[in-house]
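Colleague: Listed below, chain by chain, are the residues.
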Amino acid sequence: MLELVVSNRAPSPLWQELSDRELLHEVRDGSEPALNELIGRKTRPLLQLAQRILGDAEEARDVVQVTFFKVWENRARFDDRWSPNTWIYRIASNLAIDHLRARRSREKSSEPVRQHLRHVADGRAQRDLSRLEHGEVAAIFRELATGLSERQRLVFLLREVEGLSSQEVAAIVGCRESTVRNHLFNARKQLRRELVERYPEYAARFGARFEAEVPA
Amino acid sequence: MSAIAACSAGYAAADWRSLAAHRLDPQREEPEAAAWAAALAHLDGCPACRRAALAADPTLVFRRLQSAVPIASESEEIAAVQQAVAGLRSAARFGSSPAGAGRSSFNLSFGPPSAWPRWAAAAVLAVAALAAGSAGPGRPAPAAAPLTAALAPPAPLLAVMPATFRTVAGGPLRPAQMTLRAAQMPLHAAQMPMLEELDRPDARVYQIDGGNLSVVMIVDEGLDV
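Protein chains in written order, with the working numbering: chain A, 1 to 216; chain B, 1 to 225.
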């Protein structure tokens, strides 16, 4: 059996003028050009979020691709009461957490990586936290974040790095604001402790006061 | 008061200890959002305040993660995502996706997402092999035929295939080439109208996309003519 299908459909330039919410309405109605416009707008921020969560560009790409596929597959479930960003971030965050869980066992055996980072840190002994490059901060976070739960890592990144409000984070993570605050506090506490233990060359500069505030 | 002098905006080390205190104590109220936001905005551009703030709470260093993660080429990334999503949607529509692909839960139940986009390319290769009409389960290629010939489309089909699926010389593609090209299918392949409600659960459907023409192949081994 062989069938031929002919199509001359072209993307409409009007998609660029629509708001995110209007675009999602179009996507909900089955518009594929609207989905492509949405991909054009959200790929960069989602890639950055996924890369911060996962610390791996290739995995982040996979997460972003599947996120938009899930947006399409679940388009009928988009509720107008939700913020489009919150909805999409929630899908991406859940996928990224799935990734983290899947590789949790691999991270447990990352001691050689830690040794390497420590060795690199030795070379930076004369520098301080305020002068670290972005890549160095990212590497330190990747290492220290292995000690956080997936939720703590996600909440910390959404609140501290993405700059979202507690309310928005709660909507994305799917918990109460008080739970967000708890995750955030515990994540900060854990990160401070790990900074002292693993990067004493930085922590020493902050003196006994800092160490006294971080219970062992 | 710290030895660090107040900066031109009036912040001193003591201010940062006070401002950051809520971060160290779950019982403390957060400062007024606007005041904290203004302090953070100032912090990013003031080296003296950065040192004082990090002394108050070293985890503020992770604010540096806000600077853009390097992305090689945004337009290429977007095009790649659009192509991959189109491939995933096509694979799901053709029923060749793994179990669970169409489920509406946000949590994946079909394994790590990293394996998922590759299903689309794998499905394309499998269907292309079936479309050749000489290979497949229960119908092996003739022993004398080389693998590339077994996977090659029949000559009449090759004639109507768009360049996407042909080599420069017009000859058959090796499997590896077919996989690569499938991953680079034009974006509008998924924007074409598709067959709906195909009532042949055992059939496999594949669309080969051309400029203004798409060839949709329905391969059903049950129709052995």
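No wet-lab data here; the hints were simulated from the structure. From the three backbone atoms N, C-alpha and C, an ideal C-beta is built for every residue, glycine too. Do not take every clue at face value.
Partial chain B-side listing against chain A, Cβ under 10 angstroms, derived [as the list claims (entries may be wrong)]:
id : residue
1  : Asp15
2  : Ala39
3  : Leu40
4  : Arg64
Colleague: Take the hints in turn and mark each one as holding or not.
Modeller: To see whether the hints hold, each was checked on the structure:
no., hint, in the structure
1, Asp15, "violated (16 angstroms)"
2, Ala39, "violated (13 angstroms)"
3, Leu40, "holds (9 angstroms)"
4, Arg64, "holds (4 angstroms)"
In summary, the structure is inconsistent with hints 1, 2 from the numbered list given earlier, while agreeing with the others.
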